[in-house]
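Use the sequences and the hints to build the structure in full.
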Amino acid sequence: MSKTNDMVTVYIMGEAYQVPAGSTIISAMEYTGFQLKKGVGCREGFCGACATVYRERGDYRIKGGLACQTVVTDGMVLTQIPFVPAEKPIYDLKTLTPDVNTIKLLFPTVFRCVACNTCTKACPQEIKVMDYIQALKRGDIVRAADLSFDCIRCGLCALRCPAEIVQYNAAILAQRLYGRYLAPRSPELDERLEEIRQGKFAGELNELASLQREELSKRYYERTINLK
Amino acid sequence: MEIGYYPGCTLKTSARNFERTALAVLELLGIKAVELSEWYCCGVNFSQVQDNLMLQLAPLRTLMKARDSGFTRILTLCTMCYNTLRRASLFLQADEERQRIINDFMDRGAASYRGDEVTVIDLLTLFREIGISEIGHKIGRSGIDLKVAPYYGCMLLRPREVAVDDASDPTIMEEVLQSVGCQPVAYPMRIECCGSYQIVNEPAVVWQRTRLIVESARQNGAEVMVVLCPLCHYNLDSVQLEIQRTDSRFQTLPVLYLTQLLALLAGIGEGNDWSLHSVDPRPILKAKGLL
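Residue numbers (my numbering), protein chains in the order written: chain D, 1 to 228; chain H, 1001 to 1291.
Don't read these hints as lab results, they were simulated from the structure. As the structure is a prediction and not an experimental result, all values here were calculated from the model. All residues carry an ideal CB built from backbone N, CA and C; glycine is no exception. Mixed in with the good hints, there may be bad ones.
[Stated by the list, open to error] In silico DSS-like links for lysine-lysine, alpha-carbon gap of 25 Å or less:
1) H:Lys-1012 <-> H:Lys-1032
2) D:Lys-228 <-> D:Lys-200
3) H:Lys-1286 <-> H:Lys-1147
4) D:Lys-94 <-> D:Lys-104
5) H:Lys-1065 <-> D:Lys-121
6) H:Lys-1138 <-> D:Lys-128
7) H:Lys-1138 <-> H:Lys-1288
8) D:Lys-63 <-> D:Lys-128
9) D:Lys-94 <-> D:Lys-121
10) H:Lys-1012 <-> D:Lys-104
11) H:Lys-1286 <-> H:Lys-1138
12) H:Lys-1065 <-> D:Lys-128
[As the list claims (entries may be wrong)] Chain H regions said to be covered by chain D (calculated; three or more residues, Cβ under 8 Å):
13) 1041-1055
14) 1229-1239
This is the structure we're talking about:
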C-alpha cells in the first residue's frame, strides 16, 4: 500500500490536512499539531468531554459524536467544541417533589418538545433522549431516570435541539429525584449503616489505618476477592 | 374487546381522575384498553401552520408507534389529544408531498406512514359502538334524581371533519346520561368554547366564559356538569371559586368527568382524588346517594 493510501484528507475549521486513515478525530487533530486543552478528556468514550460535530463528504447532514471514538473519513469537515454553554438551574433537592411540577418549574423548555427526535439522533450513547424528555413531560420521573442512565453529559442533544431544551441537565434532575425520593429503599443498607454506627468494623479499619505502606501493599495484593 | 389506548400527558398528571374512572368503566363494559408501550405528547394543539411540518411530528410519531405495535385504531380519552391526533392523520392522508417530507425526516429505517393506517377514536364513539342501551344496562341505576349538564366544548365537535356527533346539535352525551338514569339538562352554552388557553395570558376571558356557561347550566336546573376535556375541566372548575369571591351571588356548580359519574353510578368508588377539584362535588354526590 502506498503512503497516500494510508492518509486521508480532513478539513479542520476549513483548512485541509493529511492525517493517517483510521485515526480518531482527536488523534487526527493532534497529528496536525493542534493542542486540545478543552473539549478532551478520558479518550475512552466515557467522560463526554469531547462531543463534536462534523460533516462527511457528500452528505448534507451535520453529524455528532465523541471525537475520541469517531474515526475520520476522507473529506470529513471537523471542528472541536470546547464547552456547551447550556443553562443549568440551581435547586435544593430537599425542597423538591418528584413530580411534573418540579419539571415545569426548573425546566420549562421540556414542554416545548415537538418530538422531532433530533436529540436521539445526535446522542453518541444511543440513548432514547426524546423518550425521556417525553416521560418528564408527563411526570414519569422513574422512566426518565431509567432511560437516561447512560448519559455522559456531552451536550450534543442540547446543541441540536430546536426547542432549546437542555436534556442532559433535566436528566440529572430526574436521576437525583429518583435517587432521593423514588428508588426502592434497601433494608440491607440500613442494616449495614447501623452495624457501622455500632462499630462492628472499627477494629479492622483501625488496624488497616495503622499499617505501614509495605504491609498495606502486601495485604492488598494478597487479598482474596469474594464476589458472593 | 381489546383496543390500543393513548393516554396523553394530562391524564397521567392533573386528570388522573379521568383516566382511572374511564378505565374502570371500560373494564366493566368488557373493553380492555391496552396502553401503548411507547407514546409521546400529542403536541396539545393541532398546528394551524401549513408549512412547518415539524409541528406535526409529535402526533404522527405516536400513530406510527401504534401501527408498529400492531394496532389499527387507538382510543384517546382526552379530547385535546383526540382532536390533535385525528387532525394530524387527516393532514397527512390528504397530501403525498407532506407524507414524503415527514417520512424523510423520521428516523432512518422507520417504515413510512401515510396517515390512514391507524384510526383515532374518542370515548363517545366507542360508547356508541358498544351500544347506548348496553351502557344503560350495565351501568344505569333507577331512582337517581340527578340533573346533569353535559358540556361538549370545542374539541369533540370542531372542525366538522373530526366531529364525533352532529357538530352543531350533538346528542350523544345526553343519550348516555339518559340511559344510565340521569336527567340531561338542556342549556344553550353546551357547545360554546370555555376560553381554552386564554387562561394563560387572558384569564379574564376564561372567567367570563365560565360564568356564562355555569350560569346557563344552573338556570336550567343543573346540579353537576360533566366534561371529557381536561382543559375544559380545569377552566370551568378552577375559576369558579375566584368568581364567587368577587361576586357572592354567583352559584358554583361541581364539574366532573363523565366517567367519574359513570363509575359512581356503577358502584365504583375508587379512583377519585377529590383534591383535584376546586368546587367540591362530594356534597351533591352524597345527597344523591352516589358516595
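(message) Is the listed coverage of the segment 1229-1239 of chain H by chain D valid when you require three or more residues with a beta carbon under 8 Å from a beta carbon of that chain?
(response) As far as the segment 1229-1239 of chain H goes, the hint is violated, because 0 residues have Cβ atoms under 8 Å from chain D.
(message) Just to be careful, I want the Cα atoms of Lys-1065 of chain H and Lys-121 of chain D compared with a cutoff of 25 Å; is the pair within it?
(response) It holds: about 17 Å lies between the C-alpha atoms, which stays within 25 Å.
(message) With the threshold set at 25 Å, check whether the alpha-carbon distance from Lys-228 of chain D to Lys-200 of chain D stays at or below it.
(response) Judged against 25 Å, a Cα distance of about 20 Å means the pair holds.
(request) Take the C-alpha atoms of Lys-1012 of chain H and Lys-1032 of chain H, compute the straight-line distance between them, and say whether it is at most 25 Å. (result) OK: Lys-1012 of chain H and Lys-1032 of chain H at ~18 Å, within 25 Å.
(request) For the pair we were handed, Lys-1012 of chain H and Lys-104 of chain D, check the Cα-Cα distance against 25 Å. (result) 15 Å, holds
(message) What's the verdict on Lys-94 of chain D and Lys-104 of chain D, does the C-alpha distance respect the 25 Å limit or exceed it?
(response) 17 Å, holds
(request) Could you grab the alpha-carbon distance between Lys-1138 of chain H and Lys-128 of chain D and see if it respects the 25 Å cut-off? (result) Distance of about 43 Å is beyond 25 Å: violated.
(request) Compare the distance between the alpha carbons of Lys-1138 of chain H and Lys-1288 of chain H with 25 Å, and conclude whether the hinted pair is satisfied. (result) Judged against 25 Å, a Cα distance of about 19 Å means the pair holds.
(request) Report holds or violated for chain D covering the segment 1041-1055 of chain H, Cβ cut-off 8 Å, minimum 3 residues. (result) n = 4 at 8 Å, threshold three: holds.
(message) What's the verdict on Lys-1286 of chain H and Lys-1138 of chain H, does the C-alpha distance respect the 25 Å limit or exceed it?
(response) Cα-Cα ~22 Å, so holds.
(request) For the pair we were handed, Lys-1065 of chain H and Lys-128 of chain D, check the Cα-Cα distance against 25 Å. (result) Measuring from Cα to Cα gives roughly 14 Å; hence the hint holds.
(message) Hint check: Lys-63 of chain D vs Lys-128 of chain D, CA-CA at most 25 Å. Holds or violated?
(response) 17 Å, holds
In this structure, the hints that do not hold are numbers 6, 9 and 14, in rising order.
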